[in-house]
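Add chain S to chain R, keeping to what the hints say.
Going down the list, the protein sequences come from chains R and S. In this text, residue positions in the first sequence follow my numbering: the first is 1, and each later residue adds one. In this text, residue positions in the second sequence follow my numbering: the first is 291, and each later residue adds one.
Hints are not guaranteed to be accurate.
[Stated by the list, open to error] Example chain R residues on the side facing chain S (calculated, C-beta under 7 Å, incomplete):
| no. | residue |
| --- | --- |
| 1 | I35 |
| 2 | V83 |
| 3 | P86 |
| 4 | I93 |
| 5 | S94 |
| 6 | I96 |
| 7 | M97 |
| 8 | V98 |
| 9 | S104 |
| 10 | V105 |
| 11 | N111 |
| 12 | I264 |
| 13 | F267 |
| 14 | P278 |
Since the hints were derived computationally from the structure, they do not count as laboratory data. As the structure is a computational prediction, the values presented were derived from the model and not from experiment. Glycine is no exception: its CB is placed at the ideal position from the N, C-alpha and C atoms.
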Amino acid sequence: MDRFLQLTVTGLSNGMIYALVALGFVIIYKSSDVINFAQGDLLLFGAYLAFAFVAQFGFHWTLGVVLTLVAAVVIGVIIESLVLRPLIGEPVISMIMVTIGLSSVLRAIVNAIWGPRPQSFPSFIPTQDIYIGSAVVGADRLIAIGVALAFLVVFTLFFRFTREGIAMRAIADDQQAALSMGISIKRVFALAWGIAAAAAAVGGIILANIVGVSGDISMLGLRVFPVVILGGLDSIPGAIIGGAIIGLLEAYTGGYVGQGLNLIVPFVVLVLVLMVRPYGLFGKEIIERV
Amino acid sequence: MESGIFFTDYRADMALRRKPAQQVRLGLFIALLLIFPFVASPYGLTLANQIGIATIGAIGLNILVGYTGQISLGQGAFMAVGAYTSGILAARLGVPFWLSIPIACLVTAGVGVIFGLPSLRLKGLYLAMATLAAQEIVEWVITHWTSLTGGTEALVVPAPTLLGARVNTDFRFYWIILLAAGFTALFTANLFRSRVGRAFVAIRDQDIAAEVIGVNIFFYKLLAFATSSFFVGLAGALTAHYRSIISWERFTIEVSILYLAMIIIGGLGTINGSFFGAAFMILLPAFINNVGRTLRDVAPLVATLLPAVQQGVFGAVLIFFLIVEPEGLAKLWRNIKDYFYVWPFSY
Numbered sequence: 001m002d003r004f005l006q007l008t009v010t011g012l013s014n015g016m017i018y019a020l021v022a023l024g025f026v027i028i029y030k031s032s033d034v035i036n037f038a039q040g041d042l043l044l045f046g047a048y049l050a051f052a053f054v055a056q057f058g059f060h061w062t063l064g065v066v067l068t069l070v071a072a073v074v075i076g077v078i079i080e081s082l083v084l085r086p087l088i089g090e091p092v093i094s095m096i097m098v099t100i101g102l103s104s105v106l107r108a109i110v111n112a113i114w115g116p117r118p119q120s121f122p123s124f125i126p127t128q129d130i131y132i133g134s135a136v137v138g139a140d141r142l143i144a145i146g147v148a149l150a151f152l153v154v155f156t157l158f159f160r161f162t163r164e165g166i167a168m169r170a171i172a173d174d175q176q177a178a179l180s181m182g183i184s185i186k187r188v189f190a191l192a193w194g195i196a197a198a199a200a201a202v203g204g205i206i207l208a209n210i211v212g213v214s215g216d217i218s219m220l221g222l223r224v225f226p227v228v229i230l231g232g233l234d235s236i237p238g239a240i241i242g243g244a245i246i247g248l249l250e251a252y253t254g255g256y257v258g259q260g261l262n263l264i265v266p267f268v269v270l271v272l273v274l275m276v277r278p279y280g281l282f283g284k285e286i287i288e289r290v
Numbered sequence: 291m292e293s294g295i296f297f298t299d300y301r302a303d304m305a306l307r308r309k310p311a312q313q314v315r316l317g318l319f320i321a322l323l324l325i326f327p328f329v330a331s332p333y334g335l336t337l338a339n340q341i342g343i344a345t346i347g348a349i350g351l352n353i354l355v356g357y358t359g360q361i362s363l364g365q366g367a368f369m370a371v372g373a374y375t376s377g378i379l380a381a382r383l384g385v386p387f388w389l390s391i392p393i394a395c396l397v398t399a400g401v402g403v404i405f406g407l408p409s410l411r412l413k414g415l416y417l418a419m420a421t422l423a424a425q426e427i428v429e430w431v432i433t434h435w436t437s438l439t440g441g442t443e444a445l446v447v448p449a450p451t452l453l454g455a456r457v458n459t460d461f462r463f464y465w466i467i468l469l470a471a472g473f474t475a476l477f478t479a480n481l482f483r484s485r486v487g488r489a490f491v492a493i494r495d496q497d498i499a500a501e502v503i504g505v506n507i508f509f510y511k512l513l514a515f516a517t518s519s520f521f522v523g524l525a526g527a528l529t530a531h532y533r534s535i536i537s538w539e540r541f542t543i544e545v546s547i548l549y550l551a552m553i554i555i556g557g558l559g560t561i562n563g564s565f566f567g568a569a570f571m572i573l574l575p576a577f578i579n580n581v582g583r584t585l586r587d588v589a590p591l592v593a594t595l596l597p598a599v600q601q602g603v604f605g606a607v608l609i610f611f612l613i614v615e616p617e618g619l620a621k622l623w624r625n626i627k628d629y630f631y632v633w634p635f636s637y
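Chain R on its own, in the form it takes in the complex (with noise of 0.2 Å):
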């Protein structure tokens, strides 16, 4: 029982991590219908930022979250309107491959100006073990769910009740008919983009806090395909309880099986829910068949 206790705990924490990546991506395929591979790199780059503001700089750590904010959504907008832009209308695999050109530029920027060497992040979010009766959790990795809720109330608020979460809907839902109502795809696109990178920014913290600044960050953005897919690909709620039950699936089959097991699982989930309900939990069924 302590056993499983432990688990779930590990497991949710860890979901709700994938579940903050996870929000990146439905941001902009809600609004442009783009995958975005380069999701796990902007984390990476998120990170090193903080790292850069933080440690290097020596900023108090405020100012340096908000600095990385503000760099990260400047980045966001500049990738928009220099990369995707022109590719507007191009097929799936363009959109694809330049996202995955994308990641493979970032990579190297992060690489040449940090080195590949592991940094330890500045500790500013509190990490001493907190118990949930039997359990032991780190105070950074509630935080990291406490984040991830809040995300997610925010980001269902701003796309019922805001003018510019309205308009990304529409244009999610029909880019013609969007443009006839006057509204700006170019201005919607970067907002979503800047969006993504702030908040895969704030997920890079939370997880640099808990692995340490390094390349491996960036690998977290395939890892999480499959809670997007599970969740639905267009679903804010879908991300986070698609994070929750791929982060409890990954600890109970590595606390009770093993065998490295718990790296495949999610894949597995992933082909299964593509071939039984393509557009996941709280997607929206709009697949094609043939």
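Showing chain S alone in chain R's frame:
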């Protein structure tokens, strides 16, 4: 003076090489390929062999992605299946390589069909996800099925023997790879002049319309996966024998991405593009490496930056081609040919 291509009979229209200039170019190219190993440096030969293997893999991937329009991120996994099948057959069972390679190709084709099954319901993005899962699953199987593959340890493949001679030098391997690449290119060129190939292209262009005019999508999509995987398996098997040591690290998702980059930079749905792309993606890192090595003495900083530069250039080139010339090097080559062909009437 000519200003276009005009045929007066069907025979000429259906020929594989339709213009005299094409035949001359092909002749020159073949002559170059035959002379090359006798004049090239050992380093040049190594590069040529790598390009040859990559060309086979790229053509294989192009059959699936470029011609049939099914996105695959599982190239690395399929190459791994080919490499390990042939490698295990040769190393553990002593099967001669002229037999182990075709078996490896067929096994890979079978695995390709299995992982092609999701394509019956999925396309575009979702298919990319399914093949990504295939990649991860195959990688996991290789690293964990220790009794068969040796797990994370490298598998040593003995040098093949052909006609009593051990094929263990770049020079001898060159001919095998040349033969295999030539067969692949010729087969593919003819495939897309046949009923089957045209069905593939119809599925790519408009799958619903293809179904309506009587193309059995179920059958042809799986056939495309099988044909593509066959050649990808060939590339994998050749890699195994050429390198004589294989480990799973050679077939990660990075490989899948590299091959996709090759066919995009070379040109989707073209055979010469597969060759151009393969050559480009093999020569570019080698070129950067050489520049880096020369500069290392002048500026020691260059050596530490080299991996980052490699990675950055890879991404930048990919983005550049997607934005500026989505049809790749094959299109550039065609533009050059057309320019001279219709000169001075460039319209």
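Hints, verified against the model:
{"no.": "1", "hint": "I35", "result": "holds, 5 Å"}
{"no.": "2", "hint": "V83", "result": "holds, 6 Å"}
{"no.": "3", "hint": "P86", "result": "holds, 5 Å"}
{"no.": "4", "hint": "I93", "result": "holds, 5 Å"}
{"no.": "5", "hint": "S94", "result": "holds, 5 Å"}
{"no.": "6", "hint": "I96", "result": "holds, 6 Å"}
{"no.": "7", "hint": "M97", "result": "holds, 6 Å"}
{"no.": "8", "hint": "V98", "result": "holds, 5 Å"}
{"no.": "9", "hint": "S104", "result": "holds, 3 Å"}
{"no.": "10", "hint": "V105", "result": "holds, 4 Å"}
{"no.": "11", "hint": "N111", "result": "holds, 4 Å"}
{"no.": "12", "hint": "I264", "result": "holds, 4 Å"}
{"no.": "13", "hint": "F267", "result": "holds, 4 Å"}
{"no.": "14", "hint": "P278", "result": "holds, 5 Å"}
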